[in-house]
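Visitor: Same order as they appear, the protein sequences are chains A and B.
Just remember that my numbering sits 839 ahead of the position in the first sequence, which is counted from 1.
Residue numbers are given in my numbering: position 223 of the second sequence equals residue 205, and the series is strictly consecutive.
Check before you lean on any hint, since a few could be wrong.
Said to hold, decoys possible - Short, incomplete list of chain B residues facing chain A, as computed with Cβ under 8 Å: (1) Glu168; (2) Leu169; (3) Glu171; (4) Ala172; (5) Ala175; (6) Gly177; (7) Ala178; (8) Thr179; (9) Gln182; (10) Leu184; (11) Pro190; (12) Leu191.
Stated by the list, open to error - Computed footprint of chain B on chain A, listed as stretches where at least three residues anywhere in the stretch have a Cβ under 8 Å from a Cβ of chain B: (13) 1094 to 1104; (14) 1141 to 1147.
Simulated from the structure, these hints should not be mistaken for lab results.
For each residue, glycine too, the CB sits at the ideal point set by N, CA and C.
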Amino acid sequence: MNAGIASHQKVCVEHLFKVFGPDPDETIRRVQAGQAKDRIYADTHSVAAVADVSFTVDQGEIFVVMGLSGSGKSTLIRCLNRLIDPTRGRILLDGQDVVAMDAGALRELRAHKLSMVFQHFALFPHKTVGENVEFGLKVRGVPPGERRDKARRALEQVGLEAYADVPPDNLSGGMQQRVGLARGLAVDPDIMLMDEPFSALDPLIRRDMQDELLALQAQLHMTILFITHDLHEALRIGDRIAIMKDGRFVQTGTPEEIVADPADDYVAAFTRDVDRGRVFRMGRLSHEAPTVTPDDDPATARRRCDEHGVAGLHVVDTDGYPLGILVRAELASAEDDALRDLMQPDYPVARADQELIELYGACAQGLPIAVLDDTGRLQGTVDPLRVFALLAGEPGEGETSRRAEASAPLAAREE
Amino acid sequence: MADSISDFYTLPLDDWIEVAVKDWLVPNFRPVFQALQWPIDQVLSGLEDFLLWLPYPVFVVVVPLIAWRAAGSRVAIFALAAVVFLDLLGIWRETMITLAMIVTAVTFCTIVGVPLGILAARSDRFASVIRPVLDIMQTIPPFVYLVPIVMLFGVGIVPGVIATIIFALPPIIRLTNLGIRQVQGELVEAGLAFGATRRQLLFEIQIPLALRTIMAGLNQTLMLSLSMVVIAALIGAGGLGLTVFTGLGRLDIGKASLGGIGIVLLAILLDRVTQALGEGGRADAGGKRSFKKLLSKGVSKTDRDDVS
Chain A
840 MNAGIASHQK VCVEHLFKVF GPDPDETIRR VQAGQAKDRI YADTHSVAAV
890 ADVSFTVDQG EIFVVMGLSG SGKSTLIRCL NRLIDPTRGR ILLDGQDVVA
940 MDAGALRELR AHKLSMVFQH FALFPHKTVG ENVEFGLKVR GVPPGERRDK
990 ARRALEQVGL EAYADVPPDN LSGGMQQRVG LARGLAVDPD IMLMDEPFSA
1040 LDPLIRRDMQ DELLALQAQL HMTILFITHD LHEALRIGDR IAIMKDGRFV
1090 QTGTPEEIVA DPADDYVAAF TRDVDRGRVF RMGRLSHEAP TVTPDDDPAT
1140 ARRRCDEHGV AGLHVVDTDG YPLGILVRAE LASAEDDALR DLMQPDYPVA
1190 RADQELIELY GACAQGLPIA VLDDTGRLQG TVDPLRVFAL LAGEPGEGET
1240 SRRAEASAPL AAREE
Chain B
-17 MADSISDFYT LPLDDWIEVA VKDWLVPNFR PVFQALQWPI DQVLSGLEDF
33 LLWLPYPVFV VVVPLIAWRA AGSRVAIFAL AAVVFLDLLG IWRETMITLA
83 MIVTAVTFCT IVGVPLGILA ARSDRFASVI RPVLDIMQTI PPFVYLVPIV
133 MLFGVGIVPG VIATIIFALP PIIRLTNLGI RQVQGELVEA GLAFGATRRQ
183 LLFEIQIPLA LRTIMAGLNQ TLMLSLSMVV IAALIGAGGL GLTVFTGLGR
233 LDIGKASLGG IGIVLLAILL DRVTQALGEG GRADAGGKRS FKKLLSKGVS
283 KTDRDDVS
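Sequences and hints are given; from them, build the entire structure.
Guide: Shown next as structure tokens:
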């Protein structure tokens, strides 16, 4: 989603450990030796809630950590603002080592750079919605007038400006979390830490909130570290996802990578019932297509169809713009007709970044789908059968796609 | 044949304590303890003078008014009846002296107890140190420490108040500690996550949210100090306790009963009013809240309609 933004590392976590229990050193040694969690606990009575976790998050990226309860994800996110002190490892935010900070520097960091949204909202019940949103600014020492303005603007961003004087208890869950979000936004954070922010909400409200977060992110380009136990949520909002289990990252990758190529059975178990049509995009299946120019004869077109085993092929002008599609079945009897007369001017098209689910209709025609680039040139085609193969999760489809991604946009080729 | 150890040897703990208090504590620290009396004496005599100076009709108006504001009309009617009845019994003066003692004791309990409770909430170590001390304070019979108090402070109304403070202090410490510890972890995290200092965390989040529990502690402290006034009369404190005590000495059941009735009426009145104040902060806000709730419920309903 943010591929266009020049990336720079905002968060860099290196070999982070958090051990709860009496014997952290021994526990870390055993984790490094690869011992299982239960085994380590039996021997040391210690648990490595975060075990050798390393990752980076780029400016403007939404990095999602997905794991079940007890996987250590909440501990991990609390290490970033040191609500929990890590046992070992480095956390660099903009190159500053958070682990080494003293209390004063840490407070500065929390007040200016980081903000946090909590699972159960954590709104202060004795303060109004407006006072809640102001809180971060108040502890920072911002004068009352200024912080009220900022709080009002933050509330406007989440559509709750009318509720500034109401106690938060009076609001519905979804609205309360909007207040939580506004409280986070009010301090203009560089980095937003979100600890299962939507988990306590109803499914429909949750979807709304996800959309709202994405809309806000499109404007604000924050760096977001987002925790969830819901893979669907992770796939929906994450630019990159890390799957966490027993304190370790099992797999890190884009949503497509995770679903297409789960690292192990654990990840595969999650991805099994994912709606693949919403995860994969056309670009993944697009590959170099056989084409003809309007000047070719039907025999050439026929031969090229058969060579590539396709049901049809596109007619492309010399600049690479598609003109129409030739259907193999209709070419059979044609001898000397001009291709221009044989081709159908209407043909299914797609963009590389479209989700598969948007193109089921186009697939139904059975013809190759033209994938066009931003200028409208033919970039590649997608065989509808491949779409269904990918949806069914057939192995091997990843390879072709990688090849297709590597290939340059296709220009009309002369023989 | 010896049946027990004490046939051979008795630990002279009583002698040791006597020596420690009489020969060490009293001669060396008496001035310190005398100095401790000073602020209590100031507050107590100021308050007592003020209460006795106020003309009686002022109470007839003001006490029911306060009761009404804090706890509603039923308590106000009771307050009016109590004020009239206490004067009718001829124990008004004693009641005022007792009230001054109690208010002084509770004031000092709050000044000492709330900070100690906060410390205990912040430090597990301090909590584990203070806990047995509080246990001892709550279980040891007050008669036991009346003796050293007389030795250190002498007799009179101020030593009586000091004994009352010792007796009534534990609940406010305990409940302040409890109240602050009970504040939801996520709220404390939220405070810290936005960069609050420990001080800001305390005053912005922990104390406001613990206030209800702290007020319950204050109420308990108040009730305990009321029950101490008779015992304090043993070492020369005046007021209703003295009425009971002299009644007891002369087997004058009528007089003792008067003192008892006075204490009970005062206790009920103070209990109702402070309890209402404790909830009060909340009951009041709750009133406002439920009103706003009605309003915002209507609004949020339409809001949700918009969304769907």
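Visitor: Take the hints in turn and mark each one as holding or not.
Guide: Do the hints match the structure? See the list:
no., hint, result
1, Glu168, "4 Å, holds"
2, Leu169, "5 Å, holds"
3, Glu171, "5 Å, holds"
4, Ala172, "4 Å, holds"
5, Ala175, "4 Å, holds"
6, Gly177, "3 Å, holds"
7, Ala178, "4 Å, holds"
8, Thr179, "7 Å, holds"
9, Gln182, "5 Å, holds"
10, Leu184, "12 Å, violated"
11, Pro190, "5 Å, holds"
12, Leu191, "6 Å, holds"
13, 1094 to 1104, "violated (count 0)"
14, 1141 to 1147, "violated (count 0)"
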